[in-house]
Amino acid sequence: MIVADKKPVEEIIEYVKDCKKILVLGCNECVTVCEAGGKKEVGVLAATLRMYFSNQGAEDVQVDERTLERQCDHEYLEEIRDIADQYDGIVSIACGVGIQFTAEKYHSIPVYPGVNTCFLGVTEQRGLWTERCQACGQCILAYTGGICPVARCAKRLFNGPCGGSSQGKCEINKELDCAWQLIIDRLKAIDRMDLYEKFFNIKDWSTDRAGGPRKVEREDVQI
Amino acid sequence: MSAKTPSKLEKVMAAGHLGVTSECGPPRGSDPEVIKHKAELLKDCVDAINVTDNQTSVVRTSSLATCIHLKLMGLEPILQMVTRDRNRIALQSDILGAASFDIANVLCLSGDHQSFGDNPQGQNVHDLDSMQLLWTVRKMRDEGTFLGGDEIKRPPKMFVGAAANPFADPFEIRVPRLAKKIEAGAEFIQTQCIYNLEKFEEWIRLAEDRGLTEKCYIMAGVTPFKSAGMAKYMKNRVPGMDVPDDVVKRMADTPKGSQAEEGINICVETIQRLKELKGVSGFHIMAIEWEEKVPEIVERAGLMPRPETD
Ligand code: SF4
Ligand code: SF4
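Line order of the protein sequences matches chains A and B. First residue of the first sequence: 42, per the working numbering; consecutive thereafter. First residue of the second sequence: -9, per the working numbering; consecutive thereafter.
What the hints contain is simulated information worked out from the structure, not anything from laboratory work. Quick reminder that beta carbons are idealized off the backbone N, C-alpha and C, glycines included. Hints should not be assumed to be uniformly reliable.
[Said to hold, decoys possible] Quick list of in silico lysine-lysine cross-link-like pairs, PhoX-like style, CA-CA up to 20 Å:
1) B:K129 / A:K244
2) A:K210 / B:K225
3) A:K215 / B:K129
4) B:K225 / B:K33
[To be verified] Label-pair distances were calculated between CB atoms; the ranges are:
5) A:T171 / B:E286: 20 to 30 Å
6) A:M234 / B:K225: 29 to 39 Å
7) A:K61 / B:A55: 52 to 62 Å
8) B:D140 / A:G252: 19 to 29 Å
9) B:R18 / A:T171: 49 to 59 Å
10) B:R227 / A:A230: 25 to 35 Å
11) A:I181 / B:A55: 31 to 41 Å
12) B:E192 / A:V50: 29 to 39 Å
13) A:E260 / B:D140: 31 to 41 Å
14) A:W246 / B:S90: 20 to 30 Å
15) A:G187 / B:G112: 47 to 57 Å
16) B:Q262 / A:G252: 52 to 62 Å
Starting from the given sequences, assemble the full structure and let the hints guide the process.
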């Protein structure tokens, strides 16, 4: 899923401090799972903003709450069509994708980010999310024991490990597993150490963000 | 092995002599005198001088520019290139730039992570990894083509090297990784600083069993300690460094005033022991900001005078 983290409330206040009517807009998908932008967080952020405005003596400022099933889909974003233009600003606490799609659809209304969108990752345990994929567009996991060196090695090495790997940890941080240690452990477990011996030639990054904004087009499912 | 490039370092080792290299870290400023001064200290006691590329991710004068200074002084530089800061376009371009000055050696590295340096917020590139860079230089040299396939007019004639750390984890991958580097094109290897001699000897024995020491010159890396503090720092703080307790103790048990001397003694003893080891083709003396001691180390280790090449 897409993992996001809450933005400091001071930063959000800076965006909306001159608004009179604000909509805090959450998303029921990934950001709910990572507890950054679901219904619960919409309630907390809206209450915080109300408290701020009331402390400023701005009792007339209205802060409304709404959480959509998804903000990355036309269908659900349409649900606020009738009310959107009442607002001076929308604070979206969906991931960056949802924030942008909301801004795109409601072109004349300012839409502000309420979260920092971080990465594609997993819930390792409650309150701990870690990165797994950088959406490079050309997956190589078949050769690396199902562990991604693009996302998980600090130097994106394809023929690793580098000389800084020590006791299974990465050179940049003793808390961080060395991706190549994990890869080697897994290759051993599946009895495919032969894969390590193969020289991994230069990667084509044109399917990564280096190739510019990407698209996936599927004629078979288009209507 | 016979020499394939105009590299003096390659010729020395191909002739069966132990090669000697040291390094020159470019200054954190643009004063060429700093480079020239270091080079003067090293010039008679080594075959070639490595020029580090923004080592520990701290901004310095570029490796390429510094190599050109050395070359213009009549010395033999080894251009170090890390893949951290430049993509494949910039790397190939710098290789051509170096070749235009007839710089005949290159060392391909991934580089320390930028979080260790003075720009920890920076982007890192890593378009290629160090092995892919090795492969790139070999392709440019041997096939005379760019990565894109176009022909290179006057391809670079470079002796191509890489680093190896026999002490990093996991140990079992260390020899296969060396084999991969050689397969990717490494003709010489400079190792991480050696303090754990038993482990190094085991590594080279395993490399020999696989026939790797026949295919590639292995230069053993050494660094003299200046103080007991430095030994402790290297043991505890430098990733991938293996400093055994007895070495740290030997430094700590030496009175402060003689620690520098003891550091040199350890370094000389290391070289003397490894000189006898089959599979070791030379030494890479990394005397970090202590270049003035290199002539003494080389002399005392019995590696002087340096052999003449044509
Ligand atoms: S190789 Fe690319 S697509 Fe596959 S997990 Fe890594 S970043 Fe994601
Ligand atoms: S220590 Fe491991 S994860 Fe970290 S940069 Fe080196 S190879 Fe990559």
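Now for the hints, and whether the structure bears them out:
1. B:K129 / A:K244: Judged against 20 Å, a Cα distance of about 16 Å means the pair holds.
2. A:K210 / B:K225: At roughly 16 Å apart (the allowed maximum being 20 Å), K225 of chain B and K210 of chain A satisfy the hint.
3. A:K215 / B:K129: Roughly 37 Å between the alpha carbons, so the hint for K215 of chain A and K129 of chain B is violated.
4. B:K225 / B:K33: violated (31 Å)
5. A:T171 / B:E286: 20 to 30 Å: Once the Cβ atoms are compared, 50 Å apart, the range 20 to 30 Å for E286 of chain B and T171 of chain A is violated.
6. A:M234 / B:K225: 29 to 39 Å: holds (31 Å)
7. A:K61 / B:A55: 52 to 62 Å: Holds, since K61 of chain A and A55 of chain B (Cβ atoms, about 59 Å apart) stay within the stated range.
8. B:D140 / A:G252: 19 to 29 Å: With a Cβ separation near 21 Å, D140 of chain B and G252 of chain A satisfy 19 to 29 Å, so the hint holds.
9. B:R18 / A:T171: 49 to 59 Å: For R18 of chain B and T171 of chain A the Cβ distance comes to about 36 Å; the hint is violated.
10. B:R227 / A:A230: 25 to 35 Å: About 32 Å separates the Cβ atoms of R227 of chain B and A230 of chain A, which means 25 to 35 Å holds.
11. A:I181 / B:A55: 31 to 41 Å: Since the Cβ atoms of I181 of chain A and A55 of chain B sit about 36 Å apart, the hinted range of 31 to 41 Å holds.
12. B:E192 / A:V50: 29 to 39 Å: violated (57 Å)
13. A:E260 / B:D140: 31 to 41 Å: holds (36 Å)
14. A:W246 / B:S90: 20 to 30 Å: 28 Å Cβ-Cβ, so the 20 to 30 Å window holds.
15. A:G187 / B:G112: 47 to 57 Å: Violated, since G187 of chain A and G112 of chain B (Cβ atoms, about 30 Å apart) do not stay within the stated range.
16. B:Q262 / A:G252: 52 to 62 Å: holds (54 Å)
The structure is inconsistent with the numbered hints 3, 4, 5, 9, 12, 15, although it conforms to all the rest.
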